[in-house]
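Engineer: Residue-level listing of the chains:
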Amino acid sequence: MATFIAIILSAVLTDNFITVKTYGICPFLGVSKKTSSAVGMGVAVTLVMLIATLVTFPVYWYVMKPLGIDFLEIIFFIFIIASIVQMLEKIIQKISPSLYNTMGIYLPLITTNCAVLGVTELFLNDLSLPGDIVLDSATMNLGWAALYALFAGIGFTLVMVIMSGMREKLNYYKTPKAISGFPIAMVTACFICMAFMVFKSITIGG
Amino acid sequence: MNLLEFGPQTGITIGIVAGIFAGVALLIGILILIVGKVFKVDVDEKITKILENLAGANCGGCGCSGCSGFAAKLADGSGNIADCHVTSPEKKAEIAKILGVELKDEERTVAVVKCLGSHENCGDKFDYNGNQTCAACASLLGGNKLCSFGCLGCGDCKGVCPDGAIKTENGVASIDPDICLSCGSCISACPKHIIDRIPASAPVYVACSSKCKGKDVISACKVGCIGCSMCAKACPHGAITMQDNLPVFDYTKCTGCLTCVSKCPRKIIIKRDVVAPESPKPLESGENTERSA
Numbered sequence: 001m002a003t004f005i006a007i008i009l010s011a012v013l014t015d016n017f018i019t020v021k022t023y024g025i026c027p028f029l030g031v032s033k034k035t036s037s038a039v040g041m042g043v044a045v046t047l048v049m050l051i052a053t054l055v056t057f058p059v060y061w062y063v064m065k066p067l068g069i070d071f072l073e074i075i076f077f078i079f080i081i082a083s084i085v086q087m088l089e090k091i092i093q094k095i096s097p098s099l100y101n102t103m104g105i106y107l108p109l110i111t112t113n114c115a116v117l118g119v120t121e122l123f124l125n126d127l128s129l130p131g132d133i134v135l136d137s138a139t140m141n142l143g144w145a146a147l148y149a150l151f152a153g154i155g156f157t158l159v160m161v162i163m164s165g166m167r168e169k170l171n172y173y174k175t176p177k178a179i180s181g182f183p184i185a186m187v188t189a190c191f192i193c194m195a196f197m198v199f200k201s202i203t204i205g206g
Numbered sequence: 001m002n003l004l005e006f007g008p009q010t011g012i013t014i015g016i017v018a019g020i021f022a023g024v025a026l027l028i029g030i031l032i033l034i035v036g037k038v039f040k041v042d043v044d045e046k047i048t049k050i051l052e053n054l055a056g057a058n059c060g061g062c063g064c065s066g067c068s069g070f071a072a073k074l075a076d077g078s079g080n081i082a083d084c085h086v087t088s089p090e091k092k093a094e095i096a097k098i099l100g101v102e103l104k105d106e107e108r109t110v111a112v113v114k115c116l117g118s119h120e121n122c123g124d125k126f127d128y129n130g131n132q133t134c135a136a137c138a139s140l141l142g143g144n145k146l147c148s149f150g151c152l153g154c155g156d157c158k159g160v161c162p163d164g165a166i167k168t169e170n171g172v173a174s175i176d177p178d179i180c181l182s183c184g185s186c187i188s189a190c191p192k193h194i195i196d197r198i199p200a201s202a203p204v205y206v207a208c209s210s211k212c213k214g215k216d217v218i219s220a221c222k223v224g225c226i227g228c229s230m231c232a233k234a235c236p237h238g239a240i241t242m243q244d245n246l247p248v249f250d251y252t253k254c255t256g257c258l259t260c261v262s263k264c265p266r267k268i269i270i271k272r273d274v275v276a277p278e279s280p281k282p283l284e285s286g287e288n289t290e291r292s293a
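First to last, the sequence lines map onto chains A and B.
Once you know that position 7 of the first sequence is 7 in this note's numbering, the rest is easy, because the numbers rise by one and skip nothing.
Once you know that position 194 of the second sequence is 194 in this note's numbering, the rest is easy, because the numbers rise by one and skip nothing.
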């Protein structure tokens, strides 16, 4: 149970992919102008993170490691993630056109997103969580990996929504011309990241 | 088993790695091909043809998300070409031909601000010193005007107008009907929803949006509609009906006799200077880059 809580806390707050690890800055700044598109992007990233982990984790531990080609993981993972996203896009377009309309346009954008690659890379080495819990190669399994990936995506969506909400509010205000637009978005991002640093102090069971 | 044990020399190692990648790439390629075949979606070629003929302003005036959404709606028959106010009549005829429908003669429309509540006419509820945008002002108790349906005059509509047809004077916005292309950007930008479309040839319009009762209107604004329905009774053609304490015009019946203008005790039915029905230059599809920039 402690591991369960630690994984959720770590993935959503203490090691948030955007604000702490600074992965996925491209969609964070590019698709956060409107809350609706930020949610679409967040859901797409969550889905791809989960599916990518479910595929790459067994491929690494049961195929690449025994064959001695585990040093090729980055190239292999990019291969796998890009092809998964390609297939996913086609499948969603066929099965659910309405879902495709809200989410489909973001899928091609995340074929080589570093947040997705980052989450799949995370489970290849020891993973330390809040409360001095460490998932090493003996305790790590597909279930924990999938849980971490799912909540990493939820943490990603959370930050995207916070950022888009703040940027929408910024439209109410007239900013000086020199910093209006992208510069003020960078400043906003900076404050969100600083706020998330507070969660680093979270401990479990102390 | 370790694949790399087979080749002790570097050259052979690289060869093995390259072989692995070629194999995996082939496998994934075949997989994507199969998925693509199984989950094939037929794209209606009508949509691409319609999209070529639309103005491409992506203004959202039709209520769809951009021109491609509108094209899809037209293709499946749920959309109406008349909802696009930017595409030129010739291009619309082309689209009608693609769809195989008759294009009805429709009239050019213009947007009007249905409010005359300038600073002299409509007082302030409180002093507003916040950011000078209507959206921010309206989020604070619905704005600082005494009338809750009044124009806030901060010019959000002016900011979004692609043609520069809107000016704000003395706390109320007005739209130049000769420049307006009726794209609808201002209609969606106005937080008070007091901008509306009327036919360009309409002889009169009601310059008030207040749905309040007469007594409340009188206490708030010097030029607000009190809902007395004098115009509706006086109209000899039955073109005016009362709805939510406001007169609603049926412009197909209105002949421009101006009886309502003279009868209105608040003088808020405004006679428009309808000039020759010469339409302004509609947007050609080539110009849209300039407009969206």
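Any given hint could turn out to be false.
Here are the computed lysine-lysine pairs in the BS3-like style, where the Cα-Cα straight-line distance is at most 30 Å [said to hold, decoys possible]: (1) Lys34(A) / Lys169(A); (2) Lys73(B) / Lys33(A); (3) Lys213(B) / Lys263(B); (4) Lys37(B) / Lys94(A); (5) Lys34(A) / Lys158(B); (6) Lys158(B) / Lys125(B).
Simulated from the structure, these hints should not be mistaken for lab results.
Engineer: Give a verdict on every hint.
Structural biologist: Do the hints match the structure? See the list:
1. Lys34(A) / Lys169(A): Answer holds: lysine 34(A) to lysine 169(A) is near 10 Å, not above 30 Å.
2. Lys73(B) / Lys33(A): OK: lysine 73(B) and lysine 33(A) at ~26 Å, within 30 Å.
3. Lys213(B) / Lys263(B): 19 Å, holds
4. Lys37(B) / Lys94(A): Satisfied, since the Cα-Cα distance of roughly 11 Å is no more than 30 Å.
5. Lys34(A) / Lys158(B): 21 Å, holds
6. Lys158(B) / Lys125(B): 24 Å, holds
Of the numbered hints listed earlier, not one is contradicted by the structure.
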